[in-house]
Each structure stands twice: as structure tokens, then as C-alpha cells.
Amino acid sequence: MIRAVDLTLTISGHTILNKVSVDVPKNKVTALIGPNGAGKSTLLHTIARLTKQDSGQVLLDNRSITDFENKELARHMSILRQDSAIGSRLKVRDLVSFGRYPHNQGRHSASDDLVVDKVLVDFELDALAERFLDTLSGGQRQRALLAMNFAQDAEAILLDEPLNNLDLSHARQLMHTVKHYVGRGKTFVVVLHDLNYAARYADHIIAMKQGEVFAAGDTSSIFNEGLLSDLYETPIEIVKVNGLPMALSY
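Just so you know, we're using full-length UniProt numbering here: the sequence shown kicks off at 1 and counts up by one.
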């Protein structure tokens, strides 16, 4: 569904992406992992056309992403950025409703209300729907941004460190919601720093280091001690818990 081919990006003389080529499988969860400064967020932003590469291309369903008009692309792909700016005197429901704009161009309908109501429930925000954003905790605002992103109902959903500010319960709930939406035909690319969330919920992993693809493949092939220890340059032990791998770096 999504293919990046030889993406290269240099900023102020520093190579951020160096001939990065990746395939993102359709109807799966792909996790982007790797140390700080590896290029994970830049790759995500380049795929979403928020950052323009120096060379290479991104294909969406075998079509160059540059061929899409903004409205059309927004119906096919959405992205949650780490630095999403939101107005403080906006209500939660209004923010989530913005996710419907690519579909209704501001002419909100009853069908849009159904989508908004659904995601408010999915993110346990229905009781907070009429609250102003500046009255919420950081975790509640993060959930509101996620809900807006999901309300966009794009085929591919890109999430840049979505677990930021979420407590254990809501982090787990988010990843369960991601898997639920995969069952409804969605494709996810998620930047994750917690390896154990990647182990539990990702079908496919792209490991990045110093602006290059260090390794890519199904989760079981990436989760081995040697590969991860080399990736992060620190000893990592893999143990099995309920048949699933868990990374220990203590």
C-alpha cells in the first residue's frame, strides 16, 4: 500500500534520511523503532508529505504521493504529529469533528456525528466532549488528538509517538483500538519507543539507525537479542511472556 523508494533528505549539511526504501504492508500495524535521531519521525512526515525529500519518492497504492490533491490525500492518509498545535478554547467534540473536514469540507452532517460519537467512546472522551481543551490533562488532550485523527477515517493512519502522556491503561487501550481498526481494514504506521508495545501489537517492524533502515521484517524476525542490542548499542535480553517476546534492558 505504502512504498518509499530511495528517500534522501539533508538538512543543514546533516543527512537525516539516506536512501531509505521501505514497504508498509496493508491492513497491518507497522512499528518504526530505533534510537533517538534515527530518522523515524522524519520518515513518517515524509511519507505523509509534510516534509519534502531531496530525492526519492513515496507511492500510495502505486501512485506517487505528489499526484494527490490535499483533500484527496487526507481521505487516504492521516497523521498525528508530536507537535500538533491546538486552540486552548476549543471543546473536545469540536476538535474531534475537525477530523471529518476532508469528507465534508465543513458541512457537518448526521453521518459525521455518528463517526465523532463512535471515536469519542473509543477513546473514553464522551464524558469530556463539552470540556475545553485547556481544562484537560496532557493525557486527555493526547487522547482528543488521537480521536480527531481516527475520526478522519483514512485508510492509512500514521502516529508519531502516540503513547506520549498516556498512562498505562490508556496506552494499552490505544493499542487495542489500533488492532480493532486494523480489523476494519485500516493500515497503521506507528513510531514507538517502547519495544514491548511493538512486540505485542506490531505485525511488521522497521528498525532505523542514523537515517538508514537497519532492519525490517515481521516482528518475530526483528526481536532477537543481537539485532536489538546492536540497534540500540546497549545489551537487550529477550524473554518470553505468555508466548510473546519481551525486551529487557535493565
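Read the hints as simulated data drawn from the structure, not as lab findings.
Do not take every clue at face value.
Unchecked claim - With a Cα cut of at most 25 Å, we get these calculated DSS-like pairs of lysine-lysine:
id	residue 1	residue 2
1	Lys-52	Lys-118
2	Lys-240	Lys-52
3	Lys-91	Lys-26
4	Lys-240	Lys-28
5	Lys-52	Lys-26
6	Lys-52	Lys-71
7	Lys-91	Lys-52
8	Lys-19	Lys-179
9	Lys-91	Lys-209
10	Lys-71	Lys-209
11	Lys-118	Lys-28
12	Lys-118	Lys-19
13	Lys-19	Lys-71
14	Lys-28	Lys-91
15	Lys-91	Lys-118
16	Lys-209	Lys-26
17	Lys-28	Lys-179
Going down the list of hints, with the structure as the test:
Restraint check for Lys-52 and Lys-118: not satisfied, since their Cα atoms lie roughly 34 Å apart, outside the 25 Å limit. Among the hinted pairs, Lys-240 with Lys-52 is inconsistent with the structure: their alpha-carbon atoms are about 41 Å apart, more than 25 Å. With a C-alpha separation of about 34 Å, the suggested pairing of Lys-91 with Lys-26 is violated against the 25 Å cut-off. A hinted pair counts as satisfied when its Cα atoms are at most 25 Å apart, and Lys-240 with Lys-28 qualifies at roughly 23 Å.
Note on Lys-52 and Lys-26: the hinted pairing holds, with a Cα-Cα distance of about 24 Å set against a maximum of 25 Å. The hinted pair formed by Lys-52 and Lys-71 meets the criterion: a straight-line CA distance of about 18 Å does not exceed 25 Å. For the hint pairing Lys-91 with Lys-52, the CA-to-CA distance comes to about 33 Å; that exceeds 25 Å, so the pair is violated. At roughly 30 Å between alpha-carbon atoms, Lys-19 and Lys-179 are farther apart than 25 Å, so this suggested pair is violated.
Between Lys-91 and Lys-209 the alpha-carbon distance is near 40 Å, which puts this suggested pair outside the 25 Å criterion. Annotation: proposed proximity of Lys-71 to Lys-209 is violated, straight-line Cα distance about 33 Å (limit 25 Å). The straight-line distance between the Cα atoms of Lys-118 and Lys-28 is roughly 22 Å, inside the 25 Å bound, and the hint therefore holds. With a C-alpha separation of about 40 Å, the suggested pair Lys-118 and Lys-19 falls outside the 25 Å cut-off, and the hint is violated.
For the given pair, Lys-19 sits about 29 Å from Lys-71 by alpha-carbon distance, which is inconsistent with the 25 Å threshold. Restraint check for Lys-28 and Lys-91: the C-alpha separation of about 32 Å exceeds 25 Å, so the hint is violated. Restraint check for Lys-91 and Lys-118: the C-alpha separation of about 17 Å stays at or below 25 Å, so the hint holds. Restraint check for Lys-209 and Lys-26: satisfied, since their Cα atoms lie roughly 24 Å apart, inside the 25 Å limit.
In summary, the hint linking Lys-28 to Lys-179 is supported, as the alpha carbons are separated by about 8 Å, within the 25 Å threshold.
Of the numbered hints given earlier, the model fails hints 1, 2, 3, 7, 8, 9, 10, 12, 13 and 14; all others are met.
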